[in-house]
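When you get a sec, could you build the whole thing from the sequences and use the hints?
Chains as they are written, first to last, in this note's numbering: chain Y, 1 to 787; chain B, 1001 to 1161.
Just so you know, these hints were derived from the structure itself, not from any lab. Treat the hints with care, as some may be off.
[As the list claims (entries may be wrong)] Label pairs and their computed distance ranges (CB to CB):
| hint | chain 1 | residue 1 | chain 2 | residue 2 | range |
| --- | --- | --- | --- | --- | --- |
| 1 | B | S1014 | Y | K537 | 32 to 42 angstroms |
| 2 | B | P1012 | Y | S285 | 44 to 54 angstroms |
| 3 | Y | K51 | B | K1116 | 32 to 42 angstroms |
| 4 | B | G1083 | Y | K49 | 52 to 62 angstroms |
| 5 | Y | N25 | B | A1124 | 43 to 53 angstroms |
| 6 | B | K1116 | Y | A10 | 24 to 34 angstroms |
[What the hints assert, rightly or not] To list a few chain B residues with every Cβ distance to chain Y over 10 angstroms, as calculated:
| hint | residue |
| --- | --- |
| 7 | K1011 |
| 8 | F1063 |
| 9 | L1065 |
| 10 | G1101 |
| 11 | Q1153 |
All C-beta atoms in this analysis are idealised placements derived from N, C-alpha and C, irrespective of residue type, glycine included.
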Amino acid sequence: MPADGGIGAATPRREDVRFLTGAGNYTDDINMRGQAYVAFLRSDVAHGKLKKVDTGAAAAMPGVIRIFTGEDFEGVGGIPCGWQVTDRHGEPMQEPPQPVLAQGKVRHIGDRIAAVVAESLEQARNAAEAIVVEIEDLPAVVDMKKALEPDATKVHDDLKNNLCYDWVFGSDDAAIEGAFSKAAHVTTLELVNQRLVANPMEPRVAIGDYASHSDESTLYTTSQNPHMIRLLMGAFVLGIPEHKLRVVAPDVGGGFGTKIFHYAEEAFCTFAAKALHRPVKWTSSRSEAFISDAQGRDHVTKIELALDAENNFIGLRTDTLANMGAYLMTVAPAVPTYLHGTLMAGCYRTPAVQVNVRAVFTNTVPVDAYRGAGRPEATYQLERLIDKAARELGADPIALRRQNFVTEFPYTTPVAVQYDTGNYHGTMDVLEKIADIAGFEKRRKDSEARGKLRGFGINCYIEACGLAPSHLVGQLGGRAGFYESATVRVNATGGLVVMTGSHSHGQGHETSFPQVVADMLGIDPSMIELVHGDTSKIPMGMGTYGSRSLSVGGSAIYRATEKIIAKAKKIAAHLMEASEADVELKDGQFSVAGTDKSVAWGDVTLAAYVPHNYPLEDIEPGLEETAFYDPSNFTYPAGAYACEVEVDPDTGKVEIMSFAAADDFGNIINPMIVDGQVHGGIGQGIGQALLENCVYDETGQLLSASFMDYAMPRADDVPFYAVDHSSQTPCTHNPLGVKGCGEAGAIGSPPAVVNAVVDALQSGGHKVDHIDMPVSPARVWAAMNNA
Amino acid sequence: MPQVSMTVNGKPASGEVEGRTLLSTFLRETLGMTGTHVGCDTSQCGACVVHVNGDAVKSCTMFALEAEGADVATIEGQAAADGTLNAIQAAFQEHHGLQCGFCTPGMVMSAAALLKENPKPSEAEVRKYLSGNLCRCTGYHNIVKAIMAASGQDVGAIAAE
Ligand code: FES
Ligand code: FES
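Have a look at this one:
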């Protein structure tokens, strides 16, 4: 029963108008009076010793204000990592420093050697090119397996080796070995989850500013979580207390994870602005983004499933190498561990599950969270493996999954998490309908008549969203709290401002969050304004990632609004001379049950600020409340996805014919926005499955370093998607009953696509069990013709 | 430095540029019209699409001096003077054809050029025409749908809105 513009309404987005008219305010649109420009000189070799950085001639070039090198940052903190993983022996992970500008060594293509600040961007770039650098080349470590060999060159000389950690999680050895020793069948698969480049369409930008009169620094940055940047940069890098540091993330053109992290360029611009007493602006080019934005995925895995004679899953064991790149970014160590290992049970009641992950340093651009972060990797392994098992056993892939679904909740997995609620048969039922599985055989015949091979691929995913109970994260090595905060400020005339620590960079919070508050108060959403993205306006925030904005940030707003209602009822009770317990709020009107007494929302808000007739002895004037919400568990969205492909047997080209997604996100605030989130995730997942690949050669050169070489999905690579989220089991532990929808599409789609391609090839008599992503024409053709 | 003059959204505009100054840079930096976006440096993303003498052009792929005397239209000039969105802009809002909004100016300008030359494009024609416009947020579903709706076609049957 969607109220007008309330919870459940597909309200058009209010932020659209500014974006559709060119009135958005992205970081690069900001120009400060007297600003100077930054160009970084970046390493063009993957590994080397810095012998000399001679800035003399460059410094004398026109417009150059100052050139900074690593020496200027001696004594300044390095870029911190926000998560410490403890290895299988109880030892902390190896954690190398990441200087703002290179000191002594460069460790990946794009590593920062020097930074020129000049009057114009062209002058800065010209001078950066004129810096004379001598680098003694060192052998580059690129391949993870080679990086772990005992005589491998070390990425960091001060570490023991290139192993960040060796982590084991889940069931103990005895349980796992017991399961495999009594298995009737074991299916094994080795696969690669290739490295990806997040590529939000807006490249990163940082502008530092400094006010000497107040000793205050300001950073404008393309960030998903400005408060976290303030904390990390202020406390760990530059030593600026929070009250002297403001971080603003205005309109941000997409994030997908890669704008979570605190980057050296942000620290540099803030530092340089203070050193030079001038605003300092850096805008990444796309080419620079390819070698300086943290990248995603990059796992190599062996996974084994043990089944009993009745096809029940009885054991699951994985062994993964996870690439960290050259340095540890903000949450990098958590991605292959707590965001990956904990989801390895999937939607299935496998009694023994054990996950082993070894994280490895290499001379490549650092890797961290990218949409889904760990969960796409877990889902991909498991769901590719189950398909293979079904084929080996001659079982129907859907029936095999259904047979092993978790059906009773709450369910505690062998990998530590507790699913609060779900209905995996329910989402599968929806999927079977919207994907028209019954009609597949006919469609396959039609394709065959046209000389094409048609395949059907299925996938069931589960994810853990809404990072996270702070006490749990603390136990697992997280170095921050993971609550969210909100302040609701009601103005005298009844309009209100909601300040949230969540950040919107495409998710539509300015529309959906007010829907929640409007619904609770029974007022029109246009009376509510959302403020986000500025540490000077919002008390505290942990930001947007892990599909957490609504389930954690929205819950904080819910709690703050509850406090507002409680206080407003006290005021209303006073105005109506009634008992507080009898006051009801409905449709923006306070009334006393069983009487005709009522006062309007606006009367109460006015009384709060003009307290002439007001219970001053009981409550303070004003109407503003803050809440911090710390969830008691993760949320567990889940769903079933299906993909149909046609493969051209002559060329190996794969075409997506249809894609269907049945999700359970719990309650839905704005179904239009939810659909859009799923569409976008599926688009990225299809990109990973068919097109995208971040490739380094053996010397650590990045071969896919522009949109010419890195294949982004385009409009004609994808179909319309059939999306359905009618199967809803509300989350049991947050007040909105919501689960989060931002990452589902990217998690759920790659296995469905690859399963469909393998199914197509099998239907043509090709005994192909696996093709690594991206499933390019060359790979498909090779698989068909070698098998 | 040479001077360049053109008409932008119906108003005269001029400024000093270097020979290498791109039209996108001139619009954003010299004129302060930041609605036109720059998402790449290899002419691939289409965030910078504007119209030059009625044709859709990637403004990062043209020197400002090449637009001397030209009639340039940008995203800032698409809505009516009172702020009313044009049919394409309105369809993008109605059908949720944008998320972060970064690709949006280029998408809207490309869509306008498409509908001028092909007033009722099929789904396949829309998708093909947009191959020079990247969007990382929407999976293209609602962009294609919005453009078809803006062309007056019934999009009610297209899966999930
Ligand atoms: S900025 Fe012009 S095509 Fe990317
Ligand atoms: S809406 Fe974000 S890139 Fe298209």
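Cross-check of the supplied hints:
no., hint, verdict
1, S1014(B) <-> K537(Y): 32 to 42 angstroms, "38 angstroms, holds"
2, P1012(B) <-> S285(Y): 44 to 54 angstroms, "31 angstroms, violated"
3, K51(Y) <-> K1116(B): 32 to 42 angstroms, "59 angstroms, violated"
4, G1083(B) <-> K49(Y): 52 to 62 angstroms, "59 angstroms, holds"
5, N25(Y) <-> A1124(B): 43 to 53 angstroms, "36 angstroms, violated"
6, K1116(B) <-> A10(Y): 24 to 34 angstroms, "30 angstroms, holds"
7, K1011, "14 angstroms, holds"
8, F1063, "14 angstroms, holds"
9, L1065, "16 angstroms, holds"
10, G1101, "3 angstroms, violated"
11, Q1153, "14 angstroms, holds"
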